[in-house]
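Asks: The primary structure of each chain is shown beneath.
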Amino acid sequence: MIDILRSEWTKIRSVRSTVWTLAVTALLMVGVAVLLAAAYKGSGDDPAPVREALMMSLAGAQLAALSMATLGVLVISGEYRTGGIRTSLLAVPRRMRLLTAKIVVFLAVSLVVCALASAGAAAAGLAILRPPSAEAGEAVRAVLGVTLYLTACGLFGLGLGTLVRHTAGALVSAIALILVLPTLATQLPGDWGRAVADHFTTNAGRLIVSGQDNGALGPWSGFAVYLAWIAAALVAGAVLMHRRDA
Amino acid sequence: MTAIRATNLCKRYGRTLAVADLSFDVEPGRVTGFLGPNGAGKSTTMRMILGLDRPSGGSALVAGRPYAELRHPLRTVGALLDAKAVHGGRSARDHLLAIAQSNGIPASRVAEVLETVGLREVARRRAGGFSLGMSQRLGIAAALLGDPEILIFDEPVNGLDPDGILWIRTLIRRLAAEGRAVFVSSHLMSEMAQTADHLIVIGRGRLIADTSVEEFIGRSSQGYVRVRSPRLAEVAELVQVGDLHPDHLRVTAMSPLEIGALTARAGIPLEELTFVRPSLEAAYMELTKDSLEFTS
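Chains G and C, in that order, give the protein sequences.
Each residue of the first sequence is one higher than the one before, counting from 1 in the numbering used here.
Each residue of the second sequence is one higher than the one before, counting from 247 in the numbering used here.
Please note that a few of the clues may not be correct.
As the list claims (entries may be wrong) - Just a few of them, taken from the derived set where beta-carbon distance is under 10 Å, the chain G residues facing chain C:
1) K11
2) G84
3) R95
4) N214
Because the hints were derived from the structure by calculation, they are not lab data.
Built from N, CA and C at the ideal position, the CB exists for glycine as well.
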């Protein structure tokens, strides 16, 4: 398995799309933090309390979720697009091992880069906003939450990429499931609608970023619900990958 | 040991049978040509051997085991299926490095195979910019990485220039001479005539012939003797079994020696007395014509 992980690490680091999507993620995180913080500072309001200051500093996560999902999609759809998947499966005919290695390597890369990007965003935002009391624990919790959230979104992309196999199709479904449908779901009427919306993908997953409840779920239970969505995509993708001709 | 063994291999796509009950062996130390018209099921068969496609029936063993059960498959089998199936954004070197690592092959082999296929100079260039010839070489480099005993090439000379074709032919012959099993597909009989020792011919997914190249020619169409002479009509009368053409006589029932003896005794001078071997192409057309009838 170590051999396959090394191979997947070589693959992910040797294409430009990895560099680009990770750079865009970092840029979005830090850029949005600086932009929002500077705008707030310029408005002349009282200094924001630490919790709000952190939320502003990490607001880029909503967009960065898509760049990470893009990377997740490309990790697998890039191979299907080029036919490179056949080369990969000749080298590693046990398909679940190949998929597992892709997931592990993606998780490692994503956790490191997203932790750095969100720490950078928090530092930049807080440096501009200078909240009256700075609690290190609060900041660490928020950065950790964003890191997990962004990585989960990337994993969602990887699962959808495995399922759909086409880059464009997988990207559209990722954007729909991460950004569009969660917002639409909040418009559903009644208690049922409310329950669906609360449990819908990023509506649940985002709670770990804000650290708040949404009525039905808390930060960790919400994240667990999001992971269940992701697991569903990954399992469906894995089953098809196992059964289909390559 | 038999390198590749296909037993009653079948592949069904919906209602069409792409490969039907195909059984054959590929032995080490020789080039086995896998011949058939386009769409005969050659690539599908190769993909089933390599575990990429699941057979609808039957089985394929490589070095005595199903491909997926080989621990480091690339050390046993090297394959070139589609030369363009490479992530275009990756350099040739990184492409090969990732493949090598996955099978525990030392990274030093990457430089070696790049040298073998003549791509050392462009090792750091992105594979997307490679010409077909270069891609083909890169695909062969990947197949050679694990120094495998069995090699599978799907239409390796397709689209290559004469230099490239000659290079691949030479390589294939060398690999077999080193004792490896080489299984090469082609839809061109002339190509196989240059490289193969043994032939497996299929048409519409079914086995048509499994034979040595020599036997294949002998069996499917007979040779004839071409006779030219200034007194051709007299020769025709003499041998009686000939087929008279405007400028020569074709004889199938007699050997050149017999004809020569007859004409010498009669004192008829000959201009030409040649045994004409049937071309492989003719033999191949003869064999596959039934399998082509319904496809066009």
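Asks: Going back to the hint list, which numbers does this structure go against?
Replies: Of the numbered hints given earlier, the structure breaks just one, which is hint 4.
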